[in-house]
Amino acid sequence: MAAAHLTKADFDEKIKTGVAMVDFWAEWCGPCKMAAPVIDQLSDEYAGKVLIGKVDVDAEGELAQKFGVMSIPTVILFKDGVEIGRQVGFAGKQGYLDLLKKAGI
Amino acid sequence: MLMEIYDVIIMGSGPAGLTAGIYTSRANLKTLMVAGSKWGGQLMLTTMVENFPGFPEGIQGPDLMAAMRKQAERFEVEIKDEDVTGVDFSSRPFQISTQDSVLSAQAVIVATGAEFKWLGLPNEQKLIGRGVSACATCDGAFFKDKKVVVVGGGDAAMEEALYLTKFVGEVTIVHRRAEFKASKIMQDKVFANAKIKVNWNSEVKDVLGESKVEGVVTTTGSIECDGLFVAIGHTPATKLFAEKIDLDPKFFAKRLGEKYPTMSNIEGVFVAGDVHDCRYRQAITAAGYGCEAALDAERWLSENT
Numbered sequence: 001m002a003a004a005h006l007t008k009a010d011f012d013e014k015i016k017t018g019v020a021m022v023d024f025w026a027e028w029c030g031p032c033k034m035a036a037p038v039i040d041q042l043s044d045e046y047a048g049k050v051l052i053g054k055v056d057v058d059a060e061g062e063l064a065q066k067f068g069v070m071s072i073p074t075v076i077l078f079k080d081g082v083e084i085g086r087q088v089g090f091a092g093k094q095g096y097l098d099l100l101k102k103a104g105i
Numbered sequence: 001m002l003m004e005i006y007d008v009i010i011m012g013s014g015p016a017g018l019t020a021g022i023y024t025s026r027a028n029l030k031t032l033m034v035a036g037s038k039w040g041g042q043l044m045l046t047t048m049v050e051n052f053p054g055f056p057e058g059i060q061g062p063d064l065m066a067a068m069r070k071q072a073e074r075f076e077v078e079i080k081d082e083d084v085t086g087v088d089f090s091s092r093p094f095q096i097s098t099q100d101s102v103l104s105a106q107a108v109i110v111a112t113g114a115e116f117k118w119l120g121l122p123n124e125q126k127l128i129g130r131g132v133s134a135c136a137t138c139d140g141a142f143f144k145d146k147k148v149v150v151v152g153g154g155d156a157a158m159e160e161a162l163y164l165t166k167f168v169g170e171v172t173i174v175h176r177r178a179e180f181k182a183s184k185i186m187q188d189k190v191f192a193n194a195k196i197k198v199n200w201n202s203e204v205k206d207v208l209g210e211s212k213v214e215g216v217v218t219t220t221g222s223i224e225c226d227g228l229f230v231a232i233g234h235t236p237a238t239k240l241f242a243e244k245i246d247l248d249p250k251f252f253a254k255r256l257g258e259k260y261p262t263m264s265n266i267e268g269v270f271v272a273g274d275v276h277d278c279r280y281r282q283a284i285t286a287a288g289y290g291c292e293a294a295l296d297a298e299r300w301l302s303e304n305t
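The listed protein sequences derive, respectively, from chains A and B. According to the working numbering, the first sequence is numbered sequentially starting from 1. According to the working numbering, the second sequence is numbered sequentially starting from 1.
In isolation and in its complexed conformation, chain B is listed as follows:
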């Protein structure tokens, strides 16, 4: 059977990937999105998104992503909720493998985003779902009137801590530095909240408990608690692309094109969103990068096929 060759395959289904899909499909490029078995990206784990333009009252992260997906589907982006298992960029058309299929395309947009970073504590993985959590919005309600620890110093950590105060009795933010890197508005909300206290210059070394979390050990002492919420950021999801495209020392995909600024070192392979963006990492910037990559791919295809 002759394999169907897509004009563009997009890997990833966050704001970057879905925006790219809306643009390529509207440019009449036959577009396939390999969305991942967990589609939607980081916003699927958030609650109210208040800084995405167009939603004066804010919008729930999962609702925003569902709307973007619907918009991409309206323009006939074909979406597979499968994970990419391998890529071959050594010849064209490029090949992308998933659990169930091998797909090929003239151009590829890598928009795989970033993966959640755990602390790497000895007992951390064992206690996930038993008090160790990556998602306050998913799990906060199980900690009614309890004591929890949040680790991190960015906006995500502030958001987790603030959200948790709706349920818990007390939140301790453990942060390894003497100040947060979170935005001023988020920091102010945290400092104004009587339920939140902060342990500065402290690092979590382990989490205690057998069948559920009972406490954490930090470099500045132990804390009794029922929950540990980790929010120390993300690393780019580029494991599949090691030695396939150029990555920087922190494993972000590099944009190296001159004529097509979003192109990687491989002609026809474009990158968009948190997978390459070590600086801004916003839903709206990711969407913008997705648009850029789609426009570049469209122009490159018109000149190279």
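So that you can see chain A by itself, here it is in the shape it has in the complex:
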């Protein structure tokens, strides 16, 4: 299952409770293309434990701005709606696993 696309309309609701990891990306970004399959894979591996979502910064500029995203891919980790960590730039699967550890996962 691919990671869920989030929009301004459902973002707050989706990340409100539990742990969420969100990939801010765009079609024109090379490293985002490297990250995408890893994010999708994590979305399978952590199904039911972590909401793994994607935000297309072209379509959702407001969300990108709200979280101060100035470089993509940026992956932000939320716990109960609050940011607890972020990984800027593609860091490989291990980078995202390390990020998830900050949420105790």
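No false leads were mixed into what you were given.
Cβ-Cβ distance ranges computed for the label pairs, FRET-style:
{"hint": "1", "chain 1": "A", "residue 1": "Gly85", "chain 2": "B", "residue 2": "Thr219", "range": "33 to 41 angstroms"}
{"hint": "2", "chain 1": "B", "residue 1": "Asn193", "chain 2": "A", "residue 2": "Asp58", "range": "20 to 28 angstroms"}
{"hint": "3", "chain 1": "A", "residue 1": "Ala4", "chain 2": "B", "residue 2": "Ser90", "range": "47 to 55 angstroms"}
{"hint": "4", "chain 1": "B", "residue 1": "Lys254", "chain 2": "A", "residue 2": "Thr7", "range": "51 to 59 angstroms"}
{"hint": "5", "chain 1": "B", "residue 1": "Trp200", "chain 2": "A", "residue 2": "Leu97", "range": "39 to 47 angstroms"}
{"hint": "6", "chain 1": "A", "residue 1": "Leu97", "chain 2": "B", "residue 2": "Ala178", "range": "45 to 53 angstroms"}
{"hint": "7", "chain 1": "A", "residue 1": "Ala59", "chain 2": "B", "residue 2": "Glu50", "range": "23 to 31 angstroms"}
{"hint": "8", "chain 1": "A", "residue 1": "Asp80", "chain 2": "B", "residue 2": "Gly54", "range": "49 to 57 angstroms"}
It is worth saying that the hints were derived from the structure and are not from the lab. All C-beta atoms in this analysis are idealised placements derived from N, C-alpha and C, irrespective of residue type, glycine included.
With the hints as your guide, set chain B onto chain A.
Frame of chain A, contents of chain B only:
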């Protein structure tokens, strides 16, 4: 369990590594590529590549690499998207470790390329992703109508600056010398662009800002800006190979073979691409070196196993 021994293990998945893989696999050598968790090499961070032959209209860097990978996979190169964590070249078969496995091979091709060089400024790492960037094509769009500084004087710096003019209001290139080493065609494009100005003989000393970039301090004064794009080149990715194979004083892997020109000082360990090439550093030369190393490895294997 008996460990599988590959004929060739290739470390790296840029143009050198993937070309080597296409050649060794087509020579019926059982080939494994340790591609790195970030596969594809430097071209993954570029946009249009206009000097790779065969693409009259140019091709996007990531698309070119995806095509090379697909071609290598078609000839059954086994690819692991893992990072090498250690190598043992002291006996044969050679051993290569990754986070998840220990692999062994009769011959090895080192094609790990080069790593991005940061400026090493006090506040640089803190502001990465908050205005400090290594990749205009990834981040340029976030700087619409803003002011940015590009550091560097080579083709990469020219490309960053030119790409950024699509979005930003103003680009200042800060360069420590009185002239660029970039190719003439790129320099001409830069000088012709009204959005770009150049501060010659100037070095960036620090970047300012807490949660986002607000300016840079240079040896010739401060510049207010929202972004700092670094493009001062790369260093060979040879940390793992220190004291395993001979490196030159700038840490490039040395080619020392006589009968097999791409061989390092260790029999059976070949080098290809930017990891040894301090001179040309092009996608097409890297691909050529990858081919050379693969042909040498093939011949060496036929004589030594």
